[in-house]
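Novice: Protein chains in written order, with our numbering: chain A, 16 to 391; chain B, 2 to 484.
It is worth saying that the hints were derived from the structure and are not from the lab.
Careful, some of the hints might be misleading.
[As the list claims (entries may be wrong)] Mimicking PhoX-like on lysine-lysine, the simulated pairs with C-alpha atoms at most 25 angstroms apart in a straight line are: (1) B:Lys246 - B:Lys26; (2) A:Lys297 - B:Lys451; (3) A:Lys321 - A:Lys356; (4) A:Lys97 - B:Lys279; (5) A:Lys97 - B:Lys246; (6) A:Lys151 - B:Lys279; (7) B:Lys33 - B:Lys396; (8) B:Lys425 - B:Lys33.
[Unchecked claim] Pairwise CB distance ranges (calculated): (9) A:Arg260 - B:Ser444: 53 to 63 angstroms; (10) A:Pro81 - B:Thr236: 28 to 38 angstroms; (11) B:Ser444 - A:Val284: 13 to 23 angstroms; (12) A:Arg22 - B:Arg426: 50 to 60 angstroms; (13) A:Val348 - B:Glu481: 25 to 35 angstroms.
In this text the structure is predicted, and so the values were computed from the model without any measurement.
All residues carry an ideal CB built from backbone N, CA and C; glycine is no exception.
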Amino acid sequence: MKKPVVRATPFHARAAAANLENTWVTRNGITLASSYADANDEALAARLRVVIADISWRWRVMLEGPRVVEFLAKLVTRDVSKLAPGASLKALWLADGGGVRGAGVFARYGRESFLLAASAPDPDWIAEAAAPYDVKLRDMNEEGGLAIVGPTAQATLQAAQLPVDLEPLAFRKLSWRGIEVTLSRFGEHGGFEIWCAPDDGVLVWDRIARAGESFGLEPAGVAAMDMLDLEAGIARPERDYEPARDGTASGPSPVALGLESLIDVEHQVFSGRAAYLASREKEPKRLAGIEIDSDTPAPFTPLLLKGRVVGHTLRSVWSPALRRAIALAQIDVSCFAPGTKLTLTLPPSLAVPELRTASACVTALPFLKVPDSIAP
Amino acid sequence: MSAIVVGGGVNGLVAATYLARAGRKVVLLEAKDALGGACATTTFATGFKGPTIAHALTALDPRVVAELKLARRGLKFAVRDMPTVALRADGKHLVIGRDVRATARGIAAHSRADAEAWPRFRRELFDLARAMRPFWWDEPKRGWNLPPTIATLRRQNLAAWLDSRFESDAVKAAVACDASGLSPLVPGSPLLLVWRGCQEMCGLQSAAAIPLGGPGALVDALTAAAKVASVELRTGAHVADILVKDGAATGVVLESGEEIVAKRVLASLSHSQLLATKAGRSALGIGESTALERSVPAVASAKVLLALNAAPNFGGSPSRGRFLLADKIETFVTAHAASRAGCMPEELALEVVVPTAADPALAPMGQHVVSIRIAPLPRHLAGGWDAAKAPLAAKAIAALERCAPGLARHVTAAQVLTPDDIAKRYGEEDEVTVERVMSDWPSRILTPIKGLFLCGAASEPVGAVSGRAGRIAAAHALREAAK
Chain A
16 MKKPVVRATP
26 FHARAAAANL
36 ENTWVTRNGI
46 TLASSYADAN
56 DEALAARLRV
66 VIADISWRWR
76 VMLEGPRVVE
86 FLAKLVTRDV
96 SKLAPGASLK
106 ALWLADGGGV
116 RGAGVFARYG
126 RESFLLAASA
136 PDPDWIAEAA
146 APYDVKLRDM
156 NEEGGLAIVG
166 PTAQATLQAA
176 QLPVDLEPLA
186 FRKLSWRGIE
196 VTLSRFGEHG
206 GFEIWCAPDD
216 GVLVWDRIAR
226 AGESFGLEPA
236 GVAAMDMLDL
246 EAGIARPERD
256 YEPARDGTAS
266 GPSPVALGLE
276 SLIDVEHQVF
286 SGRAAYLASR
296 EKEPKRLAGI
306 EIDSDTPAPF
316 TPLLLKGRVV
326 GHTLRSVWSP
336 ALRRAIALAQ
346 IDVSCFAPGT
356 KLTLTLPPSL
366 AVPELRTASA
376 CVTALPFLKV
386 PDSIAP
Chain B
2 MSAIVVGGGV
12 NGLVAATYLA
22 RAGRKVVLLE
32 AKDALGGACA
42 TTTFATGFKG
52 PTIAHALTAL
62 DPRVVAELKL
72 ARRGLKFAVR
82 DMPTVALRAD
92 GKHLVIGRDV
102 RATARGIAAH
112 SRADAEAWPR
122 FRRELFDLAR
132 AMRPFWWDEP
142 KRGWNLPPTI
152 ATLRRQNLAA
162 WLDSRFESDA
172 VKAAVACDAS
182 GLSPLVPGSP
192 LLLVWRGCQE
202 MCGLQSAAAI
212 PLGGPGALVD
222 ALTAAAKVAS
232 VELRTGAHVA
242 DILVKDGAAT
252 GVVLESGEEI
262 VAKRVLASLS
272 HSQLLATKAG
282 RSALGIGEST
292 ALERSVPAVA
302 SAKVLLALNA
312 APNFGGSPSR
322 GRFLLADKIE
332 TFVTAHAASR
342 AGCMPEELAL
352 EVVVPTAADP
362 ALAPMGQHVV
372 SIRIAPLPRH
382 LAGGWDAAKA
392 PLAAKAIAAL
402 ERCAPGLARH
412 VTAAQVLTPD
422 DIAKRYGEED
432 EVTVERVMSD
442 WPSRILTPIK
452 GLFLCGAASE
462 PVGAVSGRAG
472 RIAAAHALRE
482 AAK
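With the rest of the complex left out, here is chain A (with noise of 0.2 angstroms):
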């Protein structure tokens, strides 16, 4: 399964072209544009008009057999037997102790087939549990996905001659103009993504960015992204939290990663339920927002109130959008109330190699909400 060699995505040959600065980053075996011309920029324009961003590095693996339902019963946090075809949900899969593995979209194609889509890969764990069932697992990572993302992100897809009547979290197969794609709406982020098989990258990349040329569309790479996501709260595995590897491993916890909606305790028979069920009021720490009052960023640094440490930042970025350092939190329950007034050290710079303290403020999540996202 391990592929060493670092993979281009099928719209490499326009990332090149567009990437001004040269600046490129790998996610998960494939290379990407980081940014294009400025990472606050894009970001900035996914605000406020459209942005495509390339999101093949995204982990994708079709599951396939008669007993597919009921592996997934097993996996999944949440019961996928309902979905009808073109329907799909999120959520998350734990290890045996109840750590968290991963989190993704369970996406129904057909009555013996489901499409996993994730932001870090376990491909070892799933088709070592599938293979009791006679699960197949089949690596669809050979496509092309396009974010379209923005206010006018809809517009742009009519300009395109594309189907916007989808709700949040469906899919559909269509034949666009003379070439088979997916349009689905995944992300967190309200927009649609398109996927295509790897020979049509250059051309869906042309027609969208043809069709949003009037909306101002522009390309936005993997910084912006994710400053996008830490916009909308929402903790990554491998980015904010280093996910379960081991199979009795009883962190990170679902709770402490804000991620409790993704589970569903009705469901009786999925896979770490009772180590969940058993630690979930136990937890002591949960996800919160924090507003840094410092234009530098401070990713993973203690927060302090009183001089006692009471929990500490995940990711941290510079938000173009609310014009300061914002962070995600894993907080006390004692302290995590918005509103509540912290102070952590930031990192030491060039420009500042003395030791800073900063106040910080405790902030309801998402920071900034965006219609139709699925965010939890």
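With the hints as your guide, set chain B onto chain A.
Specialist: Showing chain B alone in chain A's frame:
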């Protein structure tokens, strides 16, 4: 019905009887037509009876014997304490008996230093083993701690442990025989030896005993005890699945379609067998299931019964002994390595008992039964076990012939049970691991399904005929019922 016991082996019978004695209405369901499971006496040739699998009892819990009054129900012993006889190719057979001085004198023929070391070693082992009784015999009381030596032994391997105490291969191989479940190179393998030393038969620590009439006599006594306690015994009742509702066991369904309802189900299943049931598959977590699927035992044992028309002659050794055939400790190392690779070991390690020496009624007058346990062997042999059945028996007889000349000529009949046969008859066992030996009883008995308890030999620290798992599982079930 207040409780259902699935599987009528020794532990199943013990569990059912304890529950019934506590006033519960209990039904015991056995798929086969006879009770007892792997603990049985079989007629393998006209007039010849022998132990199907276990040919000596080493771990039967004395509390089970006393509390269920098994002596009054007909359990008598033909031999209470078999000396261990290590057969040597050079004819210098080594007898290890209860008499420490006599044993030391015997060892002196192999090594003077070892003769001096023997009393010290035995005292060390027996003291440590007795200190472990609260842990292996029962659930330890609060405040009981593992002896510090045990933590050291978890990291040490048997070969190194014995090398630091003895110099002669004869002594080391004879001692290592009792810990053959793990390779002597595995860290923690001395713990199997300590576990063996922790057992007690007929009031004697670490003894091996043979019931009069073979192991089947123990089952007969247990069946009588179960009947007196008014357990409903049903043979030929094959359980298809365990019924579970809202995470709790509600009964079982038989293959005939009949459903039996009960709040508590005690099953003589290994963990891998539990995983094979529909109820187990849905209750066990993914991590646990995949770990179980990966830990298929690679090493198993085979059993050979021989009918002899003359007494076997082991070079003047007492014929009531437990004869061991293993040249040196490396025999076990290479046999384990070969078994893991799925190959037939070049040299077999044998444990031989002559049941007819003490219990002549098992064979026609003047004729004998020889019972051979061969371990370690590969659980899955390259090329399959069916084709290797006859060569395995021939190889075992040839090995025995070297120490008991003339034996092969007198063989009139043989029964061979390969690891495949044993697994087919009695189900797949769980792997022997140091983790299992050192795990506590609740982790082996309790399951993710409320009201379902595992009470079979797989719930013992080391698979053995002991009845302890049944006794403790019954206590758990009663405690839960009282809540």
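Novice: Are the hints correct? Go through all of them and say.
Specialist: Verification of the hints:
Annotation: proposed proximity of lysine 246 of chain B to lysine 26 of chain B holds, straight-line Cα distance about 21 angstroms (limit 25 angstroms). Of the pairs offered as hints, the one joining lysine 297 of chain A and lysine 451 of chain B holds, with about 22 angstroms between alpha carbons and a cut-off of 25 angstroms not exceeded. Distance restraint check for lysine 321 of chain A and lysine 356 of chain A: the Cα-Cα separation of roughly 10 angstroms lies within the 25 angstroms cut-off, and the hinted pair is therefore satisfied. Restraint check for lysine 97 of chain A and lysine 279 of chain B: satisfied, since their Cα atoms lie roughly 22 angstroms apart, inside the 25 angstroms limit.
Pair hint lysine 97 of chain A plus lysine 246 of chain B holds up; C-alpha atoms about 20 angstroms apart against a cutoff of 25 angstroms. With a C-alpha separation of about 20 angstroms, the suggested pairing of lysine 151 of chain A with lysine 279 of chain B holds against the 25 angstroms cut-off. With a C-alpha separation of about 32 angstroms, the suggested pairing of lysine 33 of chain B with lysine 396 of chain B is violated against the 25 angstroms cut-off. Using a Cα cut-off of 25 angstroms, the hinted pair lysine 425 of chain B and lysine 33 of chain B holds, with the two alpha carbons roughly 13 angstroms apart.
Our hint of 53 to 63 angstroms for arginine 260 of chain A and serine 444 of chain B is violated, since their Cβ atoms are close to 23 angstroms apart. For the hinted restraint 28 to 38 angstroms between proline 81 of chain A and threonine 236 of chain B, the CB-CB distance of approximately 37 angstroms keeps it satisfied. Against the hinted window of 13 to 23 angstroms, the Cβ-Cβ separation of serine 444 of chain B and valine 284 of chain A comes to about 22 angstroms, which satisfies the hint. Under the hint 50 to 60 angstroms, the C-beta atoms of arginine 22 of chain A and arginine 426 of chain B, about 53 angstroms apart, fit the expected range.
A hinted range of 25 to 35 angstroms holds for the C-beta pair valine 348 of chain A and glutamate 481 of chain B, which are about 33 angstroms apart.
The structure does not agree with the numbered hints 7, 9 stated previously, though it agrees with the rest.
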